[in-house]
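Trainee: So you can see what is in the structure, the chains are spelled out below.
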Amino acid sequence: MTIQHAAPAAAHLRNVNKFYGPFQALTNVTLDIPPGKVTCLIGPSGSGKSTLLRCINVLELYDSGEVRIDDQLIGYESPGGKHMAPRRLREMRREIGMVFQQFNLWPHMTALQNVAEGLERVRGLTRAQALTRAREALAKVGLADKENNHPSHLSGGQQQRVAIARAIAMEPRIMLFDEPTSALDPELVGEVLGVMKQLAAEGMTMVVVTHEMGFAAHVADRVVFMERGEIVATGSPREVFDAPSDPRLASFLQGYRERNSLDF
Amino acid sequence: MMETLHRYGPDLLTGFGLTLLSWALGTLLGLVLGFVIEIARRFGHNLLGYPIRAYVEFIRGTPFLVQLFVLYYGGPLIGLRLDALPAGILGLTIYGSAYFTEILRAGFDAVPLGQIEAARAIGFRNTTIVSRIMVPVMMVSALPSLVNFAIILTKETVILSMITVPEIMFQTQTMMSETFAFVTPILILALFFWGFVETISRFGRRLERRFTHYLLDRS
Chain X
1 MTIQHAAPAA AHLRNVNKFY GPFQALTNVT LDIPPGKVTC LIGPSGSGKS
51 TLLRCINVLE LYDSGEVRID DQLIGYESPG GKHMAPRRLR EMRREIGMVF
101 QQFNLWPHMT ALQNVAEGLE RVRGLTRAQA LTRAREALAK VGLADKENNH
151 PSHLSGGQQQ RVAIARAIAM EPRIMLFDEP TSALDPELVG EVLGVMKQLA
201 AEGMTMVVVT HEMGFAAHVA DRVVFMERGE IVATGSPREV FDAPSDPRLA
251 SFLQGYRERN SLDF
Chain A
1 MMETLHRYGP DLLTGFGLTL LSWALGTLLG LVLGFVIEIA RRFGHNLLGY
51 PIRAYVEFIR GTPFLVQLFV LYYGGPLIGL RLDALPAGIL GLTIYGSAYF
101 TEILRAGFDA VPLGQIEAAR AIGFRNTTIV SRIMVPVMMV SALPSLVNFA
151 IILTKETVIL SMITVPEIMF QTQTMMSETF AFVTPILILA LFFWGFVETI
201 SRFGRRLERR FTHYLLDRS
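Here the protein sequences come in this chain order: X and A. When we follow our numbering, the leftmost residue of the first sequence carries the number 1, and every step to the right adds one. When we follow our numbering, the leftmost residue of the second sequence carries the number 1, and every step to the right adds one.
Everything labelled a hint here was simulated from the structure, so no lab data went into it. Heads up, the beta-carbon is just placed ideally off N, CA and C, and yes, glycines get one too. Among the hints, erroneous ones may be present.
[Stated by the list, open to error] Among the chain X residues that face chain A by a calculated CB cut under 7 Å, a handful are: (1) LEU53; (2) LEU59; (3) TYR76; (4) HIS83; (5) ALA85; (6) ARG88; (7) ARG93; (8) PHE100; (9) ASN104; (10) HIS108; (11) ARG127; (12) LEU131; (13) LYS146; (14) ASN148; (15) HIS211.
[Claimed, not checked] A few chain X positions that, by computed beta-carbon distances, are all more than 10 Å from chain A: (16) GLY118; (17) GLU230; (18) GLU239; (19) ALA243; (20) ASN260.
[Said to hold, decoys possible] Restricting the straight-line Cα-Cα distance to at most 25 Å, the calculated cross-link-like pairs of lysine to any residue (SDA-like) are: (21) LYS155(A) with GLU178(A); (22) LYS146(X) with PHE211(A); (23) LYS146(X) with GLY44(A); (24) LYS146(X) with GLU178(A); (25) LYS82(X) with LYS155(A).
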């Protein structure tokens, strides 16, 4: 038994709105996430990137509009209808892997248990099968030798790789990354991005909220720029980074380049 | 003195036994009830919050002795006729549940939301999230308080003597009033509780080590 790649899924957002009280976090967001491609979401903090990502697996429930995984609506039973039954939602979430900024590993479990837990409890594998597959997932992110370490005995980069292993072991059809390298020391960023590049090369559908413009420029198939809860610009990395058409995008990129210029 | 002990020994042993029994059942059932209340508050309908809060505030706001009297002497007025021992155990259960539920609430609140979201994102059901993630993570911070309150409850059991449960306090008082000896019975009582509490806190420390083993450096 090896980790299979389930057929990559697409995601479609149509006129999605999300409010926190009077504050509108997402305004009429319409976006198609193509299967098997890497879509990077960039933009200033507070622009709604993470909210958009979290609406895809309904960690945040959007208020209006539609979010679909392939053709299946998620979050509501029908457009504008009742909230989705918890059981249906759990079934759909199995197909969607997520990696968080703060890793969110379970501290009382070893790396191996962190990966095996979902296989056993959600996928219904036997303990032995779950451990076998969890070991494969850990090997894939280069951590076969750390399976007995608890998260507190792993570096940030290692923890994030365990978190990626935990997600891919479930054989998701789409993977969401919420600023996966933002909490890492700079020298540990590379090992996480490396694993992500490998996943991208294998044809996983990936949606990545990131401040790593280098990653977006080199790995993304499409880059989406957001500001104030709206999608301002989308395009290939070349279109977005080399010839930004929108003035807000241009100023965001200029600010980024100034902060990251190497003259010090 | 040996004669007195010989005469009252069996009664004292019965008293010890009843004290241990009412403490063990009261604590265990109180913890279970407190857990159920907390789960209902956390996952149940929002409107459940008000009666639960009223319950907790009432129990925490009144003396245990008063609650016990209401239950034992007031109970029959609403058709709740209990013998002294069951009434005492039920009283301890109710009293304990209000405090346990608050300790558990604080413990659950301290579980980082991200760890729960990670479980949700994978597709765990709520019962699994509670049993596999929230309880073990929460125990690190809540266990000392839970053990502490279990220790407080050992000493609340003496109040059961007021509704004629023949536990250790009741037996000691009987012995005192019949023999007019005060020092020996009170000393026996004090030593008993000291040993009792010491045992619980040792057990508690062992439990703590079990729930926090992953925080210790073993690399």
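Trainee: If a hint holds in the structure, say so; if it doesn't, say that too.
Mentor: We went through each hint and held it up to the structure:
Given the 7 Å rule on beta carbons, the hint for LEU53(X) is violated: about 11 Å separates it from the nearest Cβ of chain A. Look at LEU59(X): its Cβ gets to within about 6 Å of chain A, closer than 7 Å, so that hint holds up. With 7 Å as the threshold, the beta carbon of TYR76(X) stays out of range of chain A, its nearest partner Cβ sitting at about 17 Å, so the hint is violated. The closest approach between the C-beta of HIS83(X) and any C-beta of chain A is roughly 14 Å, which is over the 7 Å cut-off, so the hint fails.
Given hint, ALA85(X) at the interface with chain A, is violated; its Cβ is 12 Å from that chain's nearest Cβ, farther than 7 Å. Taking 7 Å as the C-beta cut-off, the interface hint given for ARG88(X) is violated, the closest approach to chain A being about 11 Å. Hint status for ARG93(X): holds, given a least beta-carbon distance of 4 Å to chain A, under 7 Å. Below 7 Å, beta-carbon pairs count as interface contacts, and PHE100(X) has one with chain A at about 6 Å; its hint therefore holds.
Contact between ASN104(X) and chain A, as hinted, is supported at the beta carbon level, the nearest pair being about 4 Å apart and thus within 7 Å. At a threshold of 7 Å, the smallest CB-CB gap from HIS108(X) to chain A is about 5 Å, leaving the interface hint in force. With a least beta-carbon distance of about 14 Å to chain A, the hint placing ARG127(X) at the interface is violated under the 7 Å criterion. Contact between LEU131(X) and chain A, as hinted, is not supported at the beta carbon level, the nearest pair being about 16 Å apart and thus beyond 7 Å.
Evaluation of the LYS146(X) hint against chain A yields a violated restraint, the C-beta minimum of about 10 Å exceeding 7 Å. Interface hint status for ASN148(X): violated, as the beta-carbon distance to the closest one in chain A is roughly 10 Å, over 7 Å. Checking HIS211(X) against chain A by beta carbon gives a least distance of about 19 Å; that is not within 7 Å, so the hint is violated. The Cβ of GLY118(X) sits about 4 Å from the closest Cβ of chain A, inside the 10 Å cut-off, so the non-interface label is violated.
With a closest Cβ-Cβ approach of about 25 Å to chain A, GLU230(X) is found to remain outside the 10 Å limit, as its non-interface label requires. For GLU239(X), the shortest C-beta to C-beta distance to chain A comes to about 32 Å, beyond the 10 Å cut-off, and the non-interface label holds. Consistency note on ALA243(X): stated as away from chain A, and its beta-carbon is indeed over 10 Å from all of that chain's, at 36 Å minimum. Every beta carbon of chain A lies more than 10 Å from that of ASN260(X), the smallest distance being close to 28 Å; the non-interface claim holds.
Restraint check: the Cα-Cα separation between LYS155(A) and GLU178(A) comes to about 24 Å, which is no more than 25 Å; the hinted pair holds. For the proposed pair LYS146(X) and PHE211(A), the alpha carbon gap of about 21 Å is at most 25 Å, so the pair holds. As the CA atoms of LYS146(X) and GLY44(A) are separated by approximately 40 Å, the hinted pair breaks the 25 Å bound. With a C-alpha separation of about 69 Å, the suggested pair LYS146(X) and GLU178(A) falls outside the 25 Å cut-off, and the hint is violated.
This hinted pair does not check out: LYS82(X) and LYS155(A) have alpha carbons roughly 52 Å apart, beyond 25 Å.
Against the hints set out earlier in the document, violations occur for numbers 1, 3, 4, 5, 6, 11, 12, 13, 14, 15, 16, 23, 24, 25.
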